[in-house]
Amino acid sequence: MRNLIFFFHKYYTFILFFLLELFSFVILFQYNNYQKASFLNFTGGMASGFYESVNSTTNYFGLRNINDSLLAENARLRAQMLNAYYQSGFTQTSINDSAYKQQYTYISANVVNNSVTKRNNYITIDKGSLHGIKPDMGVMSANGVVGIVTSVSEHFSTIRSALNGNTKISCMLKKNNAFGSLEWNGDDPKFSSMKFVNKHVPIGMNDEIVTSNYSTLFPQGIPVGHVYSHSLDAGENFHLIKVELYTNFSTLKNVYVIQNILKEEQETLESNLKGDN
Amino acid sequence: MIIELIKYFASFVLILLIQLLVINNIELTTYVNPYIYIIFILSLPVTTKPWHVVVISFGTGMIMDTFSSTPGLHMAAVGFMGYFRNFYLQFACSKEDYESRIKPSISRKGIVWFLVYVSIMTLMHHMVLFYLEIYSLKEFFRTLLRVLSSSFFTVLLISVGQILFYPSDKAR
Chain F
0 MRNLIFFFHK
10 YYTFILFFLL
20 ELFSFVILFQ
30 YNNYQKASFL
40 NFTGGMASGF
50 YESVNSTTNY
60 FGLRNINDSL
70 LAENARLRAQ
80 MLNAYYQSGF
90 TQTSINDSAY
100 KQQYTYISAN
110 VVNNSVTKRN
120 NYITIDKGSL
130 HGIKPDMGVM
140 SANGVVGIVT
150 SVSEHFSTIR
160 SALNGNTKIS
170 CMLKKNNAFG
180 SLEWNGDDPK
190 FSSMKFVNKH
200 VPIGMNDEIV
210 TSNYSTLFPQ
220 GIPVGHVYSH
230 SLDAGENFHL
240 IKVELYTNFS
250 TLKNVYVIQN
260 ILKEEQETLE
270 SNLKGDN
Chain H
0 MIIELIKYFA
10 SFVLILLIQL
20 LVINNIELTT
30 YVNPYIYIIF
40 ILSLPVTTKP
50 WHVVVISFGT
60 GMIMDTFSST
70 PGLHMAAVGF
80 MGYFRNFYLQ
90 FACSKEDYES
100 RIKPSISRKG
110 IVWFLVYVSI
120 MTLMHHMVLF
130 YLEIYSLKEF
140 FRTLLRVLSS
150 SFFTVLLISV
160 GQILFYPSDK
170 AR
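Line order of the protein sequences matches chains F and H.
So the first sequence is numbered by numbering that gives the first Met the number 0: it starts at 0 and just counts up by one.
So the second sequence is numbered by numbering that gives the first Met the number 0: it starts at 0 and just counts up by one.
These aren't lab readings, by the way, just hints derived from the structure by calculation.
Glycine is no exception: its CB is placed at the ideal position from the N, C-alpha and C atoms.
Worth double-checking, as some hints may not be accurate.
Some but not every residue of chain H turned toward chain F, in silico, with C-beta under 8 Å [what the hints assert, rightly or not]:
1. T65
2. S68
3. G71
4. F79
5. E98
6. S99
Result set (DSSO-like, lysine-lysine): computed pairs, CA atoms no more than 27 Å apart in a straight line [to be verified]:
7. F:K262 x F:K189
8. F:K194 x H:K137
9. F:K9 x H:K48
10. F:K9 x H:K102
11. H:K137 x F:K241
12. F:K252 x F:K241
13. F:K173 x F:K189
14. F:K189 x H:K94
15. F:K252 x F:K189
16. H:K48 x F:K198
17. F:K198 x F:K241
18. H:K48 x H:K102
19. F:K9 x H:K94
Okay, chain H solo, but in the shape it has when bound (with noise of 0.2 Å):
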């Protein structure tokens, strides 16, 4: 029970690390920026409890904000995404899977199953911070190519590192 807490707490700072300090400068236009550390609160086992979950996303976005001085705004995002999360699950996992605890990934569920999912919590998650970052509805159109085009590579990068650090059938 203390090692799985320590291994996830080493995966949170390893994955705050990488959006910081590597995904954040990705410089490339004003439509890239892509938000990957939503992996974390996306890989929890499916039996994690869901206020467990919602709690866990508020925390992880309070510490996102105070890093990007955004007070509130990663909070509200990843916080909406955790507990809707909750319901996805619900509806896309069966039994077995609840019965095993397993946690979402490519090697458990199969690519399109993850892609899928990842695909819905990173719309979910870009959208309300994308357009709560722009604070109004007058750049709509452009919001919102922000957010797929972010999307896009966000669900890229998850997955590229899923098959990266996660590569064979472990029973994880």
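In isolation and in its complexed conformation, chain F is listed as follows (with noise of 0.2 Å):
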């Protein structure tokens, strides 16, 4: 018994630091296999409301930026309404038509936190589950995608950035439906790079990637990037492509949160069916 207290007596500076070393571990590999849900709920607001108003003094400046950019895709929305185009039928399509069910919703929200140069960046954004939002949402911006939601706490949310190793978004080749993963190597925030995609598959400089069917999170057709260099190596099986991404991360500003109002019914099927096997 003498000996035990000696024994804590002499290396107690060794226990505590080995016991929060073991502490620190642990929430952090609970934190790389699960949801961080419970971390953002257990520091709550805190951190996002200090970025917050920091954001709110800093957004000032950036204001002529952001007025361009929702000047633009202003410009592109009005493209796409219905009396943008000329009747060259006699047919009108109704939106209320039953043919037409609406499957995406989008809750616009501001960034006030976000990372560019680090091997894992996040995003937090001023919308939370009180917005509706809820773990695994996609979220896109004005020009392409930007991640996906991780954890969600009443007013904020965090999203895992394309710029982050663990996320993978599915996406495909505009022109011919080849499908790949979008994963960042960690170099550089503009480009990212696409794996996965068969060597048979043609493919050409400036090609447009957009994300596929397969994914629940990202309505299909969503941009991504376009084609910036692609190789293949000698005895692989998969083109090494480099995508330069159309979402600058680095002045992000406004983004949409994506919302699939069918997305539990599809995984409810899909699990189904894994079930069965």
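Given two chains presented individually in distinct reference frames, assemble the corresponding complex, making use of the accompanying hints.
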């Protein structure tokens, strides 16, 4: 017993260090394996609130750019409106037609914290569960995909941006629907890479890459980027494609969270299928 | 004593604000991610009890984690560094240093001593941080490059800060 007390007395610093290190490893690994929802709820909106108040000041400096991008987006949306088209036929499709059922809705949000140069980058936005955001929703900007919601508190959410080693976004080449996976290698925030495109698929420079129809997070055809360079390693079955991203992550201010109304239905169906095998 | 504590608290807040609002927004490349907030741990007086340093380190890491939404990451790295700081100082400081309760700084120990001390501690911290962040050895050399270049900038910024804020032989 005396020896035990002596031992604790002699090594208490090490024991303290060891326990705390163990604790940090535990929450680190839990976080890597599961959703980090609990962590954001645990720390509350404290950090997010801090960044929001900083952001409300710094936002003024970027108003011109924000306006420009919103104007550009408005112009693009206007071009898609029904009255922008010349009526060439006699039939007119109504939005309320039962053949069209809305599958995606969008929730707009402002970025309050963002990083682009870490290996794993996260974005915090100022909308949360109160506004209908749930983990595992896709996020896009006016220009292209941004990332995936990982955790949600009442007023804030964090997004695993496309510039994150753990983010994989299902995408495809627009011209021939050859699909692959968008993964960031941590080098340059302007570029990402598209993996697992079969080598027999023809690829050209500047081919457009969009989200694929396999993902339940994004509607099909959201722009991702275009092919910047591509190569084929000897003995490899897949192309190495360097993608220039459309989204400028370092100036990101406004994003849209995508809510897929039919997502649960699709996932239930697919999980039933897995149960059968 | 109370005044000392308030001073420490103020410098802690100031250093964290500089880290979070200025340094974290340097978006040069993915290879430059300096973490200067460790200077708070590094400049604690040499006579601070080892277990105090360990607790302060983990606390600092926890706050950094809260603000960068990376649970456990900074905690593990700073805690590791704080624990080994004690051993390094025992080895690198003389008895007089302990008796006069100095804070490790350029003005007290000279620039070479300080650079060696900060470099070793920074490398230790960044090594743990960056490898835990990527969480695999898949990109070993790229991560190593990231560690080295970020450490260089951390040491540079910390030294410049020291020279700017404590230029003379102030009895600190």
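Each hint tested on the structure:
1. T65: holds (5 Å)
2. S68: It holds, given that the least Cβ distance between S68 (chain H) and chain F is near 5 Å, below 8 Å.
3. G71: holds (3 Å)
4. F79: holds (7 Å)
5. E98: violated (21 Å)
6. S99: violated (23 Å)
7. F:K262 x F:K189: Since the Cα atoms of K262 (chain F) and K189 (chain F) sit roughly 30 Å apart, the hinted pair is violated (cutoff 27 Å).
8. F:K194 x H:K137: Measuring from Cα to Cα gives roughly 16 Å; hence the hint holds.
9. F:K9 x H:K48: Between K9 (chain F) and K48 (chain H) the Cα gap is close to 13 Å, so the pair holds against 27 Å.
10. F:K9 x H:K102: Status holds; Cα separation ~25 Å.
11. H:K137 x F:K241: holds (19 Å)
12. F:K252 x F:K241: holds (25 Å)
13. F:K173 x F:K189: Holds. K173 (chain F) to K189 (chain F) sits at ~20 Å (cutoff 27 Å).
14. F:K189 x H:K94: violated (53 Å)
15. F:K252 x F:K189: holds (16 Å)
16. H:K48 x F:K198: violated (61 Å)
17. F:K198 x F:K241: holds (15 Å)
18. H:K48 x H:K102: holds (13 Å)
19. F:K9 x H:K94: Given that 27 Å is the threshold and the Cα spacing comes to 22 Å, the pair holds.
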